[in-house]
Every structure is written in structure tokens, then in C-alpha cells.
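Each protein sequence line maps, in turn, to chains E and Z.
Start counting the first sequence at 1; every next residue gets the next number (the working numbering).
Start counting the second sequence at 1001; every next residue gets the next number (the working numbering).
Hints were generated in silico from the structure; no laboratory data involved.
Keep in mind it's a predicted model, so treat the numbers as computed, not measured.
Yeah, the Cβ is synthetic: ideal placement off N, Cα and C, and Gly gets one too.
Do not rely on the hints blindly, as some may be mistaken.
Stated by the list, open to error - Some chain Z residues judged to face chain E by a derived CB distance under 10 Å, without partners named:
#1 1019
#2 1022
#3 1023
#4 1025
#5 1026
#6 1027
#7 1029
#8 1030
#9 1032
#10 1033
#11 1034
#12 1037
#13 1055
#14 1063
#15 1065
Claimed, not checked - Not close to chain Z: a few residues of chain E, all C-beta gaps over 10 Å, as computed:
#16 34
#17 42
#18 86
#19 101
#20 108
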Amino acid sequence: MASKPELMPGTLDMLILRTLKRAPLHGYGIAQSIKRESDDVLTVEEGSLYPALQRLLLQGWVKAEWKTTETNRRARFYTLTAAGKKQLGFELTKFELMVEAIGRVLRDAEEAG
Amino acid sequence: MTAMGWWRKVKLLFGRERFAGDLDEEMAFHREQMAKELEADGMTPEQARVATMRRFGNATRMREQSHEVVGFRAETVAQDMRFAVRQLRKNPGFAVTAILMLALGIGASTAIFGFVDAAMLSPLPYAQPSRLVDVAESAKAFPRSNLSRADFEDWQRMNKTLSSLDAYTGQGYLLRVGSVSEPIIAGRVSDGFFHTLGVQPVLGRDFRPGEDKPGAAKVAMLAYGTWMTRFGGRREVIGETVGLSGDPYTIVGVLPQNFVFQPQATAELWTPLGDKNGCESRRSCHNMFAVGRLRDGVTVAMALADMRQIAAQLAIQYPGSNQDQGASVQPLSELIVGQVRPILLTLLAGAGLLLAIASVNVASLLLVRSESRRREIAVRGALGATPVRLVRQFVTEGLLLAGAGCWAGILSAAGMMGVLKALMPKLMQQGAPFVRNVGVNAHTVLFAGGVTVLAAVMMAVTPVLRLALTDVHGALSDGGRGAASRFWRRMGANLVVVELMIAVVLLAGAGFLAKSLYRLLHVDVGFDPSHVATVQVMAPDTFYPKPENWVELYPAIRSRVLSLPGVEAVGITSDLPVQCNCDTDWIRIAGKPFHGEHNEVLERDVNPEYMPAVLKARLIAGRMFTDADDMKHPQVTVINETMAKKYFPGEDPLGKMIGNGNLDATSMRQVVGVIADVRENALDDQPWPAEYFSIYHGPDNYFALAVRTAGDEKALLPELVKAVRGINPNLGVNGEITMVDQIDGSPTAMIHRFSTWLVGGFAAMALVLSVVGLYGVVAYSVSQRTREIGVRMALGAQRSAVHRLILREAGLLAGIGIAAGLGCAVGAGALMKSLLFGVRAWDASTLAGVAAVLGGFALLASFIPARRAARVNPVEALRAE
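Start from the sequences and build out the full structure, keeping to the hints where you can.
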């Protein structure tokens, strides 16, 4: 079985925040959304999703409330807060800087080789 | 974490139930959705459920992780605590043993520390005690010798370094109590004495300036105890008069309850110096010490230089009396504590070693337990407990044990301090005023706390070290059996070696002290102390004013006492033997070169019967005294062997003449006899030269009776007191004691006995603890090796071979421990040299004895498990696993 790439450490919070920016979602929805958006490349392990959600709640970046789904089931929906939006912007900038830097290193390495 | 985040955590803490419910419901929803999706992909509901479960992982673990995010660290600490308490309660034998051992170690060391603390940190109950100095003269033979009154007055007047200098001296008075007179001991001091110490009377007033001058009105201050016992604590006592040796003294004040002045600890009351006695009118007669208070910015060394300079000046001014007389200045605390310091330090070291053994024992217990918990740890590790969490668990358990041990230790320390105070010889207590400060206080509790932290660190670290070396898989697979216990065997064995070493040191220390005590009590005193009763007698001036009266009193007492049943001989002497290097005389030998040096010898005035019939001292040459050696005949002297050797080397001393420094005609006496040394000074002193005079030549109104009886000398004591009082009820009679008790109770013997018993007690506990430790190690090793032993036997090993195997292992441990310990014991012996008498640190018989005792007990401790090993039934041993 070809192993799927593991989620880079530190990126889960950012992905969750980004997903919630579009619309409030429940935990399962977040996991599904990340999977779908990444064309099944990224899988969020439930074991890390829920602790991460608790962390975001504590930081005040997301809010949680119980609502009913389209199928009339009770589910806990997470909504991005203003602080969360700010945090997302901050994380995105940080991430882009890092990706760029990594990219430069890799390009240099190729040219040298 | 942000403040908001923290606040949310706090809110969650109270909504914990709801949080858990929310999380469960949320995760259940997640699983449902996942299963639905899988079913949609064509799985059966059952398959979908299993797949979901597999995907989702350990729900409990996940819940825990989420809880950890929102929980507080303290919560897990509380959890650890609860778990630790549960663990200890599950195994009460272990917990109780460990706590008891710690309590013993912490208790003993804290109790001894209490004494050290009181003695060294707050020894003197006076104002600013660190500024007080002991001031004395110094002579060749005595680095610290008495001041004469004339010298003291000059020093007081001429010094520039002390803000005040005051003298004190002991004084016996006959206190009139109803119809009889009772001799009491009092202190005579210069007027500013209490002011210098910074002590205020609780009632009445202090001595006034000038009240210590000759001819001043006679006044007295009472010690608190005297006020209570003799005067009923009445406040009207101020202004009343009390009869002291026939003179009326006005009571002007009462000293505080906590006041004690160690050099005059037995003083019942205090009087100003006042009239000069015979000694005090001569500059050459030294009978007092002084205490001074340093001026601001002055050091002890500066004060010493100052006094030395004054002494040098006086030596030029009064060469006859002051030649070679120097000065001695030392902190007052040094005078009071200096003597007991080596003992206290030795005891503290002993207690520390005991604590070390106790901690090592507890650590071994923890090791054994961590060994038997290997599986539990492995399982917890496999279930996801992080190493940090596991280590924290052990640390918590160690801390819990140490904490309980600390409490028990402080309680037992309080108990032990009480017992020690009660056991402490009274005389030693009087000499150690700090003892009353000993108790549980901030210092001792802090000390116990510090010791506890040390013990806790050790106890926490031991199993953690053990844990770090365990690999989870190995531990799980072999289930803590067989070879995997090698680590413990090695570690436990090392600990036992340390324990045995410490035990050897303590046992050897106790052995050295015991042998010192034995040697001390078996010093050749040069006389036969058995069947001798003694008592002090004082004839008051009012009834016996002149030497002629005293000379008449001696035969009266003798014939009266001789009539008592069983009495064989009645000796009268100025000083009983085994006392001190006191009552000395400066001599000069006629016809020998003399340059004003102080030839200091002991002087004793005795009646003719005293030496041959009462002491049974041995005559070497010449004769003893006879009744004819009185004032009507020329003065003669009997000297001891040491004096003969020192002043008449290679000569016959008989017939030689001895006199005072100026060879005054009245002082001349002929040597008529030489006796073998009678021990006059302390047991651990070198014998001193001594000269004896007939008491009819140098009578005194204060003397001692020594009575030899055929019967029981103890039973004679009350009869003796009654007989002397029967002659004249005004005679002061006290201090009745048998000669043997007097020697056994001498300060030297008591100090030795006290430290011997204490260190002996420590050593006994150390012996028990270390032998129990060895037993534990060997027994545990046997229980772990049951299977191996079974295999050996199945393969044909004889029971005797198994027996030997185990004994050899134990023997090796004991051998190493004892050998290493003996080395340390020699070192320890060298360190406590100042406490030893007649014993060297490498005393072979003591060391051999210690090795034999410990070896014997070690053998016994390993014999039981070895027997058990040899009894192993191979079939059962192999099947049991």
C-alpha cells in the first residue's frame, strides 16, 4: 500500500481554521472536507482532530454549539471567531514563508546537482 | 497560555461532566457518520462498524488526550497522589516498614541536630552573647588559669578594649535553715557582673556599683530555683535577711528563671566580692575568672593583645607574683561549648550515618517493589503511559513516603530529645545550659525538612534509575523472571555493601568509645576505691573561728565516726582523689638552680590514716604521716612518684628540703616519704606531681571525710552524716557519696559514658538495619532464582552445593562491606581522636570484634535464605512458572 503523506506537524490547526472559514462544520464534516479538498491526499486522524479542536476552543479561535444537521441529527458545529480569523491569517503568512523557503532550498539543491 | 484560555479551563473544570458528555456524543456522531459512508460504499453494517472502530482507534485514549488539553497539570498530580496512596495502602507492610525506618533515621538525626543547634548556634542566654569573652590569666602549665583579685582589678582599670570586665568565683556558704546549717554553693561576683551579661533581675534590683568593695553592706541575689524552693517564691523576700556562714545578708534581687551561668551553674545565690579573703589579699593567689564585653569594633584577638600587654606591664611591676603570667581571652561560647562540641559532632555524624542506612534500606525496599512492579509498569507503558508520567508516579510515591516519614520523624525526634534530656547526667546538663533550649523549633523542623528532601530525592531516583533501564518489550515478554533481575541484584547488592560499611563504622565508633570508657574506669588510680564512703564537711567560722578549733575538730570527728559499726579507718583530706588539677602550690627545691619559674604541684592536706588505711596507697620509700606531725613539730611532706621523678631525677628525695619561691624559713619542709601515684586529677589526665601535708599542719575548715568500712559503704552514708551532725548541728555536711560512685560519676567518666551509650545505640540500630538489609537482598535473590536453583538441582546439583552457592554470594557481599567498612572505621577513629582515651583508631581487637560481630550476624542473615534455597523442590520450582 502506497503510504499517504503524513500531515506536517503544526499544520492541522491551520487546516481546521481554513476549513471553518468557509462555513461552520461539525468534527466529522471538518475531516471530510479536508480529505475532499486535498483529493484524498490528506487524512485527518480522529485521534488528533478532537484534541486539536479542544485546543482551538481554549484559545478562543473557534466557538462550538449544538445544532441539528440536514439529516436531523444533533451535532456540534464549530464556527470561526474573529480571533480565529486573525490567527488564520497569521498562520497562513508563516506557512507561505516557510514553503517558499523550503522551495528555494530544494531548487538550489537541484541546480547544484 | 492566555488569561482567557486559563479562564475557560477553569470554567471547564466545573463543567467537567458536560465536557465529557459533549465529547462522547461528538465522537459517537463521528463514528456513525463514518459507518454510514462505508455502508454506502457497499459494506455490511457489521463490517462497517468494525472498520470504523479500527479507523477511529482507542476512544478512551482519545478522550484522555482531549482531557489533557483542557485539564490542569495539578489534576494529574492529584491523580498521581491518589494512585500513590492506593499503592501504599495496598501494601501496608511495605509502607509501614519504610515510614518507620525513615522516622528512625530522620528522628535520630533531628534529635541530635537539636542539641547541636542549641549548643552551637544559640548557646548563651545573654544579651548579644557573641560580644562576651572569657578573660583569664595564663601560666605555663595552665593556658587558662585563674585571675588574682589584684590582677583583676588592674585589668579592669587598665584595659581599653572591653566596655566592661567582671570577675566571678565560687564560694561555699553555710546557709542557716531552721536549726541546722546546710552548706550551699554560691557565686561571688564583681558588682557589674549581671550587667555585663545583660541579665536583669525579675524581682528587686541588681548589685549597685561599689557594693563589691571590701566592707560594703552584705547583700545577696537569689537564683530563681532557690527563691522557689527555699523561699516559697514569696515576693516579700526582697529586704529580708539570710544567714550565710553566720553573717546576715540582705536579699536584694531574684534572677530570672532561665538564667544560668555555666561556670557557676550550681550557685544557689550570688553575693558581691566584698571583703577579701586570705587568698584575695595576695596578688600571687589566683581564685577567680572574668567575663568581659567587647567594645564595638573590637575583636577577640585585639582584646587578647590588650590583656597581654597589661599582663606584661604587671609582670615588670610585680615580678615576685606576676612573672610568666600571661593572659587568655576567648569567646565565652568557646568556654561553655568547646568541651561538648566534639561529642556533639560525633553524635551528629553517628546519627547521619544511621539516617544513611535507613534511607538505603528504604531505597532497597523501593527497588524490590519496583522489581515486582516491572510488569505493571510495562503494561502501563504499553497502554500509552509516557515515561515522564511513569517517572512522575514514582517520584510522587517517594515524596509521599518521605513526607510521612518526615512527620513521623519530627514526632520521634521530639520524643527522643525528651528522652535524651532525661538521660543526660545532671552534672552534664548543668555544664550545658543550652540544653533547655533543645526542642522542636523552626531550626529543627527545617533540618528535618532538608533531610526529608534528601531522602525523598534518593527514594525517587532509585526506582527511576531502575525504570530507565527497562525495555518495555523485554519486561512484558519474560514477566519479570530470572535473568532480567540481574540489575536489581547488582544494585541491591551495592546498596547492601554500603549499608554494611556504614554499620561497621558505627559499630567500630561505639567499640572505640566503649573501650575508652572501660580504659578510663580501669585507669590505675593507685588506691582501692571499694568500701569507701565519703562526705564533705564545713565548719562555720562562727563556731570554729581559728585553725586551732579545726585541729581539735578532726580527732573528734574521727573517734565519733570510728565508733560506727563496721568502720575500719577514718581519713580526712582537703580534696578527695579523682577531682581536678586544682589546689596547687608553687615550690622550689632547696639547693637547686632557680630562675623564678613556676614549679606547680598539687597540694593535699591529709590526716595520718587517710593514705595507708583508707586509700591503701602504696609507700615506696620513707614513711607516711604520724599523729606527731603537727604544728609542734617541723613541717614534713610526702610526695608522689611523679614528683620524685620530675624534681629528683636519679636522686633519693628523702631528706631533701622544699620551700616556696623565696625559700622562706616558715615554708620549708623535709621530704619524708614517697608514695606510688594516687590519681588526684581527672581520669584522662596525665598524673601530676603531688605533695601531701599533714592536715594538722595546714588545717582548713572545709574538708572531706573518706571512711573505709568492712560492710556496705552505701548503707553507711546516712549514718556518717548523722554522726558528724551529732558532734555539732552547725557543721555543714553534704555531698555524701561512695568513692566508687564518685569516680564513675566524675565529669570525664560521665561524658564518656553518655557518648558511648548513644553511639552504642546508633550502632545497635545500624546493626539491625544492615543485617535486615542483607537478609532482604539474599532472600530476594533466592526467591528470584528459585527456577534457576530448580534447574541446577534437576541437573544434579547437591543440596549442599546450592547451600554453598547462596552462602558464597552473601559472604562475598558481607566480606566486601566489612573490609571497606574497616578502612573507613580507622578514618572515623582518627577523626574522633579527641574523644578517645587509651584507644587508637587502628585498635585491632575492636576492629576484629566488630568484624566478627557483623560477620556473625551476616552469616545468620544469609543462613536462613540459603537453607530455603537448599530445600527447593526442583519439580515444584520448574512447574511453578
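Each hint, compared with the structure:
no. : hint : verdict
1   : 1019 : holds (9 Å)
2   : 1022 : holds (6 Å)
3   : 1023 : holds (7 Å)
4   : 1025 : holds (7 Å)
5   : 1026 : holds (5 Å)
6   : 1027 : holds (7 Å)
7   : 1029 : holds (5 Å)
8   : 1030 : holds (4 Å)
9   : 1032 : holds (8 Å)
10  : 1033 : holds (4 Å)
11  : 1034 : holds (7 Å)
12  : 1037 : holds (8 Å)
13  : 1055 : holds (7 Å)
14  : 1063 : holds (8 Å)
15  : 1065 : holds (4 Å)
16  : 34   : holds (14 Å)
17  : 42   : holds (15 Å)
18  : 86   : holds (13 Å)
19  : 101  : holds (29 Å)
20  : 108  : holds (39 Å)
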